[in-house]
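**Q** One letter stands for each residue in the lines below.
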Amino acid sequence: MPTILETKTILVVEDEKPLLDAIRIKLEKSGFSVVTARTAEQAYGLLEDINKIDVIWLDHYLLGKENGLDLVVKIKSHEAWKSIPVFIVSNTASADKVKSYINLGVNKYYIKANYRLDNIITDIRECL
Amino acid sequence: MRFKSINKKIITTVAVVLLINSVIIISAITFITYDKMDKQKTSDLNELALEKSYKISSYLKSSSDLAKHLANFPEISNWTQNPNEANIQEALKFLNNFNMNKEYAALYILNNDGVAIISTEPTFTGNNYSFRPYFKEALNGKASTYVAVGATSKIQGYYFAEPIKNASGQVIGVLSLKLIPDAFYRLLDKEIDNKDTHLMITDRYGVIIYSDLKERMLSSLGSLALSIKDQITTEKKYIGIDIKPLQYQKAQDSLNNLKNNEVSIYKFFDATDKESELISILPINNYPLFLITENASWALSIDAISLASWSASIILLSQLLILIILYFLISKNLKPLKELEKMAKGVTAGDLEIKNNIISGDEIEELGISFSKMTTKLKDYYGDLEEKVLERTKALNEKNDYLNNTKLATLNILDDIKDEKNKTDLLAKDLEKFKLALDNASDLVTITDIEGIILYCNQSVEKITGYSTKESLGKKAGTLWAQPMPTSYYEKLWKTIKTDKKTFDGEIKNKKKNGDLYDAKITISPVLNDKLEIEFFIGIERDITHEKMVDKTKTEFVSLASHQLRTPLSSINWYAEMLLAGDGGKLNDEQSSFVKEIYTGNQRMVELVNSLLNVSRLELGTFAVDPEPTDVVKMVEDVFNELKPGILQKKLKTNFDHAKDIPIIQADPKLFRIVFQNLLSNAVKYTPEAGSITLKLTRNTKNLLIEVSDTGYGIPKQDQARIFQKLFRAENVREKDTEGTGLGLYIIKSIIDHAGGKISFKSEENKGTTFFLEVPLIGMKKKDGDKKIE
Numbered sequence: 001m002p003t004i005l006e007t008k009t010i011l012v013v014e015d016e017k018p019l020l021d022a023i024r025i026k027l028e029k030s031g032f033s034v035v036t037a038r039t040a041e042q043a044y045g046l047l048e049d050i051n052k053i054d055v056i057w058l059d060h061y062l063l064g065k066e067n068g069l070d071l072v073v074k075i076k077s078h079e080a081w082k083s084i085p086v087f088i089v090s091n092t093a094s095a096d097k098v099k100s101y102i103n104l105g106v107n108k109y110y111i112k113a114n115y116r117l118d119n120i121i122t123d124i125r126e127c128l
Numbered sequence: 129m130r131f132k133s134i135n136k137k138i139i140t141t142v143a144v145v146l147l148i149n150s151v152i153i154i155s156a157i158t159f160i161t162y163d164k165m166d167k168q169k170t171s172d173l174n175e176l177a178l179e180k181s182y183k184i185s186s187y188l189k190s191s192s193d194l195a196k197h198l199a200n201f202p203e204i205s206n207w208t209q210n211p212n213e214a215n216i217q218e219a220l221k222f223l224n225n226f227n228m229n230k231e232y233a234a235l236y237i238l239n240n241d242g243v244a245i246i247s248t249e250p251t252f253t254g255n256n257y258s259f260r261p262y263f264k265e266a267l268n269g270k271a272s273t274y275v276a277v278g279a280t281s282k283i284q285g286y287y288f289a290e291p292i293k294n295a296s297g298q299v300i301g302v303l304s305l306k307l308i309p310d311a312f313y314r315l316l317d318k319e320i321d322n323k324d325t326h327l328m329i330t331d332r333y334g335v336i337i338y339s340d341l342k343e344r345m346l347s348s349l350g351s352l353a354l355s356i357k358d359q360i361t362t363e364k365k366y367i368g369i370d371i372k373p374l375q376y377q378k379a380q381d382s383l384n385n386l387k388n389n390e391v392s393i394y395k396f397f398d399a400t401d402k403e404s405e406l407i408s409i410l411p412i413n414n415y416p417l418f419l420i421t422e423n424a425s426w427a428l429s430i431d432a433i434s435l436a437s438w439s440a441s442i443i444l445l446s447q448l449l450i451l452i453i454l455y456f457l458i459s460k461n462l463k464p465l466k467e468l469e470k471m472a473k474g475v476t477a478g479d480l481e482i483k484n485n486i487i488s489g490d491e492i493e494e495l496g497i498s499f500s501k502m503t504t505k506l507k508d509y510y511g512d513l514e515e516k517v518l519e520r521t522k523a524l525n526e527k528n529d530y531l532n533n534t535k536l537a538t539l540n541i542l543d544d545i546k547d548e549k550n551k552t553d554l555l556a557k558d559l560e561k562f563k564l565a566l567d568n569a570s571d572l573v574t575i576t577d578i579e580g581i582i583l584y585c586n587q588s589v590e591k592i593t594g595y596s597t598k599e600s601l602g603k604k605a606g607t608l609w610a611q612p613m614p615t616s617y618y619e620k621l622w623k624t625i626k627t628d629k630k631t632f633d634g635e636i637k638n639k640k641k642n643g644d645l646y647d648a649k650i651t652i653s654p655v656l657n658d659k660l661e662i663e664f665f666i667g668i669e670r671d672i673t674h675e676k677m678v679d680k681t682k683t684e685f686v687s688l689a690s691h692q693l694r695t696p697l698s699s700i701n702w703y704a705e706m707l708l709a710g711d712g713g714k715l716n717d718e719q720s721s722f723v724k725e726i727y728t729g730n731q732r733m734v735e736l737v738n739s740l741l742n743v744s745r746l747e748l749g750t751f752a753v754d755p756e757p758t759d760v761v762k763m764v765e766d767v768f769n770e771l772k773p774g775i776l777q778k779k780l781k782t783n784f785d786h787a788k789d790i791p792i793i794q795a796d797p798k799l800f801r802i803v804f805q806n807l808l809s810n811a812v813k814y815t816p817e818a819g820s821i822t823l824k825l826t827r828n829t830k831n832l833l834i835e836v837s838d839t840g841y842g843i844p845k846q847d848q849a850r851i852f853q854k855l856f857r858a859e860n861v862r863e864k865d866t867e868g869t870g871l872g873l874y875i876i877k878s879i880i881d882h883a884g885g886k887i888s889f890k891s892e893e894n895k896g897t898t899f900f901l902e903v904p905l906i907g908m909k910k911k912d913g914d915k916k917i918e
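Those protein sequences? They're chains A and B, same order as listed.
To convert, note that position 30 of the first sequence is 30 in this note's numbering; the numbers rise steadily by one, no gaps.
Just add 128 to wherever you are in the second sequence, counting from 1, and you've got this note's numbering.
Watch out, some of these pointers could steer you wrong.
Just so you have them, the derived chain B footprint on chain A, three or more residues with Cβ under 8 Å [said to hold, decoys possible]:
1. 22 to 33
2. 42 to 51
3. 107 to 113
4. 116 to 123
Worth flagging that the hints you see were computed from the coordinates, not collected in a lab.
What you are looking at is a predicted structure, and each value in this text was computed from that prediction instead of being measured.
Yeah, the Cβ is synthetic: ideal placement off N, Cα and C, and Gly gets one too.
Could you build the full structure based on these sequences and the hints that come with them?
**A** Below you can see the structure in the form of structure tokens.
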């Protein structure tokens with residue numbers, strides 16, 4: 001595990017508890033400062049509360065009324081947040097959704113089941 | 129027909145008449161000439177005969193007179209009575225005085241016994257001639273003339289005998305004269321001036337004793353009667369002579385019936401001489417001799433013929449002259465007629481411009497002038513007529529053509545009608561079938577007029593919309609069951625079918641009679657007439673509510689599968705990953721290997737789910753094709769990288785050869801990636817350790833050419849045909865490797881087919897396999913779909 005000089009804060013938005021835990025643990029082990037949310041609302045809160053969110057890990061389906069797409073729309077339309085890299089990690093891969101995300105300016109779209117955590121984390125790290 | 133010219137006709141007729149005339153004239157001349165000449169000849173012959181007869185009788189008379197004169201000499205009587213030497217010498221001297229011309233062969237005196245006592249011809253002296261008739265006759269006191277072949281000389285002789293009497297008138301001997309044999313020749317030869325005329329002298333029996341033709345000598349005129357032959361023998365007249373008959377039987381037969389000095393003339397055909405002859409027979413005055421004159425009558429006829437031929441020649445020549453004159457005369461006078469004929473022929477041939485050149489100053493010229501006038505009139509009339517005929521002919525032809533065409537057309541129509549009837553029958557049947565099919569079709573079929581008024585709808589209308597057929601007919605389809613759609617939808621619909629006159633395909637929401645909504649797929653096509661005007665619209669509507677439901681269900685399943693299956697798989701994946709990474713504390717080797725198994729198993733599960741999802745999307749046809757500029761070379765490199773763990777693990781050698789001109793193509797990168805992923809992962813999976821994998825990328829003008837070869841297990845021959853079938857796995861790899869879903873090649877083939885490409889392969893078991901792919905360089909067509917292939 002390489003030593004990170006500057007600890008990056010990552011917002012992980014994932015509704016599935018086991019997956020959220022796995023992601024959190026792995027990220028923490030990888031040297032990230034992790035904040036988690038299971039709904040879009042929680043995510044807004046965290047974005048507003050924590051001044052410095054370096055990167056967002058986002059699932060499509062979320063608990064609550066809003067999904068990942070709604071969240072991205074808000075983030076990208078928010079002056080302070082729109083430059084935050086967003087990585088979509090979801091198992092739901094309908095074409096229009098993927099396209100929508102890409103069009104909104106997310107960094108990458110991963111299908112959960114097809115990727116290892118460390119692969120995604122490597123990508124995120126490269127982006128930062 | 130060829131007409132004879134008048135000229136020829138006249139000439140021929142005249143020639144024939146003249147010829148017949150000539151023949152008659154010549155015949156007449158010939159006949160008359162012949163007759164005349166015949167008579168002339170006969171008369172000539174008669175005269176000749178009489179003349180010669182006179183001459184002969186005169187000649188004979190002179191001899192018999194001499195004999196008589198001598199016999200009456202008293203010295204002769206004396207010498208006969210006293211034939212002593214002196215008397216004999218004196219007598220001979222005396223007698224010789226009368227034979228100065230040597231006319232006589234002998235002058236001699238016979239005694240009463242017939243013995244020649246005195247003879248100027250010494251050979252006679254002492255001979256007895258008592259057998260001679262002339263002696264006998266003379267002894268009886270008659271003068272006698274006789275012809276015989278000399279008993280001594282054997283030459284024919286002419287004897288004259290005269291009794292010698294003494295003073296008392298008693299016959300004491302006979303004085304005889306014998307003419308020389310050619311006495312008659314001397315007399316007569318010069319008399320015959322015509323070679324066609326012959327003279328003969330016969331004795332009383334018809335034996336020729338003189339003839340200018342010597343070969344006839346001592347022949348008889350005809351056959352001699354037996355009695356006469358006996359008589360001749362008795363008389364020893366022609367001792368040793370075989371008398372042969374000549375051809376003059378008629379003359380022979382007439383000898384006994386002749387009167388003195390009367391000429392009998394016979395005309396007969398001489399078979400020996402082969403000629404007609406005239407024969408005259410005349411008893412020579414008081415002598416037992418006949419003069420026969422012969423004249424070849426053909427000679428006479430030759431005269432006639434020659435006369436006739438001369439006259440004929442002259443006549444013919446004169447007639448020829450007449451003909452020639454006539455010919456010129458006619459030719460000259462008929463020349464205008466020729467001209468007239470020429471004109472007539474010209475007119476007949478249609479030349480109405482012909483000029484009248486006849487100047488003959490006679491009726492023909494008049495005729496020519498009339499003809500010329502007639503021609504002129506005819507020309508005028510003909511001109512009119514020609515025009516009229518042309519018009520009429522044209523009209524007639526047109527009418528004829530029209531009739532022919534009409535006839536043809538009628539026939540065609542009849543044929544057509546027949547065909548049409550058959551067709552119509554067939555069509556009626558077909559139509560019946562179609563109607564039946566249409567009536568019972570599950571889709572709603574409507575035919576509307578241009579305004580959308582329903583003219584026909586099938587039974588499905590009730591099932592789909594709830595309205596009965598009766599309720600529907602005559603209504604406007606749009607207002608009856610249509611649920612208002614956005615205006616743009618209708619605009620597009622009407623533009624397509626009415627303006628563009630094309631078929632409109634689309635989905636629409638409609639309302640049933642009971643108010644329920646339903647989804648329908650509609651197809652509306654305009655039906656155009658010949659002028660491309662719209663006559664009807666045919667609408668086909670299918671209730672796809674159910675289908676939509678099914679679709680939705682499937683989509684939901686895919687979504688479920690994606691989400692609900694993958695989420696736990698992700699969970700297993702990641703926790704196993706972390707365990708292996710030692711995030712939960714270091715695992716011992718055994719633990720590590722167990723977790724690895726979990727991880728690998730889970731990976732297979734993920735793959736399976738992915739493949740299944742892809743297959744279901746491919747089969748649904750709902751996957752999207754989203755072409756974008758794709759760098760195929762980079763894509764292949766990426767896939768190789770992804771497969772690196774497996775490649776390294778099996779120590780495989782990999783080659784990637786690509787041409788430099790591989791363009792960026794419009795392709796859906798995800799679909800393309802699946803193709804490469806599957807091909808290369810198969811190669812890795814089914815190639816034993818230390819084998820090699822090669823990917824070649826080239827292009828031709830149209831296609832991108834991909835060749836993936838390995839040195840792997842190969843595909844058994846018996847399995848090669850089924851390799852692209854869903855879930856099929858070849859026998860050999862199934863034994864070696866439990867992994868593999870049997871979906872990879874199926875998916876590749878589906879994608880390549882969708883892209884308009886081709887895939888094929890060559891394989892040999894335990895040697896390797898090479899796949900050949902062709903993908904059009906124009907790239908893939910964009911296709912909207914619900915799902916992306918993952």
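**Q** All the hints need checking, so say for each whether the structure fits it.
**A** Comparing the hints with the structure gives:
Counting residues of the region 22 to 33 of chain A whose CB lies closer than 8 Å to any CB of chain B gives 5, which reaches the minimum of 3, so the coverage claim holds. Counting residues of the region 42 to 51 of chain A whose beta carbon lies closer than 8 Å to any beta carbon of chain B gives 0, which falls short of the minimum of three for the stated coverage. Under a criterion of three residues with beta carbons nearer than 8 Å to beta carbons of chain B, the stated coverage of the region 107 to 113 of chain A is upheld, 3 such residues being counted. With 3 residues bearing a CB less than 8 Å from a CB of chain B, the region 116 to 123 of chain A meets the requirement of three and the coverage assertion stands.
When held up to the earlier numbered hints, the structure conflicts with hint 2 and nothing else.
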